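J.: My request is simple: use the sequences and hints to build the entire structure.
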Amino acid sequence: MKKLAIARGIKQMSKSNSFRDVAVVSVASHQTKTLSEVNEVQLMADLISNCRKSAGVTQEEIGFTCSGSSDFLAGQAFSFVHTLDSVGAFPPISESHVEMDGAFALYEAWVKLQIGEVDTALVYSYGKPSAGSVIDVLATQLDPYYVSPLWPDCFSLAALQARVLLDKGLITLEKMAEISMRSQKNGFNNPNAVRSSKDVSLENLMNEPAIVDPLRASDIAEIADGGCAVILAAGDKAKSFCERPAWIKGIDHRVDSHTLGVRDLTRSPSAFLAAEKAGRNADRLDLAEIHGMTSTQELILEKEFDLSEETLVNLSGGCLASDTMMASGLIRISEVASRIISGQVDRGLAHATSGPCLQQNLVCILEGE
Amino acid sequence: MTDPNSPPASLSEEVEIPESISGLEPVRSVRSPIRLIYDFVPSPPVQEYLRSYKKKKILGHRSPIDGAVFVPPRGVDPRHGVLIEESVELSDTGHVGNFCITHLPIPGRDDLDTPYVSAWIHLDGANVGFLGLVSGCENDEVHIGMRVQAVWKEEEELGNTAENILYWKPTGEPAVPIEKAGNRAWDQADE
Chain A
1 MKKLAIARGI KQMSKSNSFR DVAVVSVASH QTKTLSEVNE VQLMADLISN
51 CRKSAGVTQE EIGFTCSGSS DFLAGQAFSF VHTLDSVGAF PPISESHVEM
101 DGAFALYEAW VKLQIGEVDT ALVYSYGKPS AGSVIDVLAT QLDPYYVSPL
151 WPDCFSLAAL QARVLLDKGL ITLEKMAEIS MRSQKNGFNN PNAVRSSKDV
201 SLENLMNEPA IVDPLRASDI AEIADGGCAV ILAAGDKAKS FCERPAWIKG
251 IDHRVDSHTL GVRDLTRSPS AFLAAEKAGR NADRLDLAEI HGMTSTQELI
301 LEKEFDLSEE TLVNLSGGCL ASDTMMASGL IRISEVASRI ISGQVDRGLA
351 HATSGPCLQQ NLVCILEGE
Chain B
1 MTDPNSPPAS LSEEVEIPES ISGLEPVRSV RSPIRLIYDF VPSPPVQEYL
51 RSYKKKKILG HRSPIDGAVF VPPRGVDPRH GVLIEESVEL SDTGHVGNFC
101 ITHLPIPGRD DLDTPYVSAW IHLDGANVGF LGLVSGCEND EVHIGMRVQA
151 VWKEEEELGN TAENILYWKP TGEPAVPIEK AGNRAWDQAD E
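Line by line, the protein sequences are chains A and B. Mapped onto our numbering, the consecutive letters of the first sequence carry residue numbers 1 to 369. Mapped onto our numbering, the consecutive letters of the second sequence carry residue numbers 1 to 191.
Quick caveat, the hints were computed from the structure, so don't treat them as lab data. Please read these numbers as outputs of a predicted model, since none were measured by experiment. We treat Cβ as the ideally placed atom computed from N, Cα and C, and that holds for glycine. Check each hint, because a few of them may be wrong.
[Claimed, not checked] Far from chain B by the CB rule (all over 10 Å, computed), these chain A residues:
(1) R20
(2) P149
(3) E174
(4) M206
(5) I211
(6) V212
(7) C242
(8) L307
[Said to hold, decoys possible] Selected chain B positions facing chain A (Cβ under 10 Å, derived; list incomplete):
(9) V30
(10) R35
(11) F40
(12) P42
(13) R74
(14) G75
(15) D77
(16) P78
(17) V82
(18) S87
(19) V88
(20) L90
(21) S91
(22) L166
[As the list claims (entries may be wrong)] For each label pair, taking beta carbons as the anchor points, the in silico distance ranges come out as:
(23) L150(A) / F40(B): 40 to 50 Å
(24) G108(B) / D153(A): 25 to 35 Å
(25) F19(A) / R51(B): 48 to 58 Å
(26) D21(A) / A175(B): 18 to 28 Å
(27) L150(A) / E155(B): 50 to 60 Å
(28) G108(B) / K168(A): 55 to 65 Å
(29) G159(B) / S342(A): 48 to 58 Å
(30) I135(A) / R51(B): 42 to 52 Å
(31) P191(A) / S87(B): 37 to 47 Å
T.: Below, the structure is given as structure tokens:
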């Protein structure tokens with residue numbers, strides 16, 4: 001019943017084109033190679049309280065709290081319940097959780113804000129892949145009958161995708177190395193980057209041996225522990241929390257088939273469509289933060305988003321610098337939002353992905369006034 | 001209206017097997033075993049808590065907001081979502097805040113005879129309870145507010161584990177009045 005009401009509400013809103021103004025007003029994130037002495041609860045208690053502090057809100061003033069995390073990653077059933085200790089859920093709060101990247105939790109909170117049920121929301125997500133094997137965990141999301149029993153790891157699947165791109169002449173090994181170089185150089189200015197280098201050379205990257213042919217170590221995501229917290233607010237509330245809120249001008253998510261064999265792996269139609277629906281083309285883009293687990297996936301996404309020369313891509317270094325399963329997508333939104341809030345850029349695209357080989361994609365367009 | 005309990009039509013009819021595979025045993029289920037291995041490292045407060053058990057000490061965490069003491073220590077005050085750094089040593093005496101008499105065995109605990117009593121033990125100086133077994137008296141003598149003390153393993157058997165406490169036994173002291181027994185942390189928050 002409730003879901004139907006939500007769907008109807010959105011339909012009516014889009015008909016009258018009267019979306020509520022909703023903005024990201026505060027962000028906090030942390031990523032590091034291994035959080036050996038800190039658990040998820042302590043990490044998030046720190047990030048959430050910093051995030052609330054910089055917006056000047058208490059938990060009691062927050063209308064809705066939504067998180068994203070994975071029990072398979074934590075190795076614990078209902079692990080998100082423990083992490084609620086870091087929120088301070090007393091007096092009792094209105095809360096929800098998605099077993100997806102935090103960017104999709106942000107989408108749920110945005111819908112709640114659109115309906116007008118609440119004016120503020122806290123969104124957070126986190127992951128501690130150092131406790132287990134993230135590539136094995138990701139294999140369990142695949143088709144349980146035909147694919148999962150073969151345990152293909154996420155980088156091998158991405159390598160199949162890269163092979164098609166190379167053989168069709170859509171990319172070159174050099175172009176891939178350029179993406180890796182961009183990531184490592186940009187990551188140098190990001191305290192959360194695990195892999196970064198000020199003076200990495202194209203030649204060195206080209207000489208690296210392939211580890212999952214044709215991908216080199218520098219072509220694949222740098223797995224990291226971490227988390228991210230974001231506060232959303234609507235209308236005047238947003239302006240009272242933040243001098244220059246990062247307004248969400250459009251947000252959309254789409255999915256491609258789960259069956260790898262029926263997809264053209266050189267493309268990501270769902271990423272293209274999500275960007276179209278989110279209104280990418282309405283104005284110029286100063287910045288794009290894109291979520292790809294390999295240099296080749298970043299290249300596919302750049303094409304799908306039709307980014308021009310004047311758009312800066314992954315100033316944070318992206319996932320090749322630091323990739324935290326369940327948080328990387330929300331961190332892309334937080335990276336764009338924080339640069340709008342600080343006045344560094346005016347308009348940006350943030351992208352989050354989920355599933356194998358860019359199967360599910362969310363695009364969020366953020367803008368400052 | 002469709003009866004939700006009746007099986008779909010496609011399942012109610014016999015399946016016709018094509019002749020080419022008619023001699024084969026039909027596939028009724030597919031097994032795909034999943035095994036994932038994790039290295040779990042307890043956080044520093046939990047490590048400190050477990051290590052102190054070896055010295056027959058129980059540690060709690062004191063909230064910086066209102067001084068409420070939580071046991072076991074988790075590094076945060078869950079009411080406010082703030083980090084806690086102050087540890088406090090608690091005594092091994094307290095009272096039963098609530099209890100349950102269980103008649104079903106726990107798989108893997110053959111040493112535990114049924115029926116047994118599990119209880120929320122509220123240590124003196126703590127504002128929340130934690131789980132323990134009550135023994136050393138008849139099960140029907142256990143009541144809310146009953147004063148108890150830890151019965152520890154022999155010195156040479158002590159390890160870095162909460163298993164060092166075998167059970168909680170009645171002390172015979174006057175009981176805590178029922179209206180004062182149980183959780184105190186949330187009462188404090190209301191004040």
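J.: Could you tell me which of the numbered hints above are not met by this structure, giving the numbers in increasing order?
T.: 2, 18, 19, 20, 21, 22, 23, 26, 30, 31
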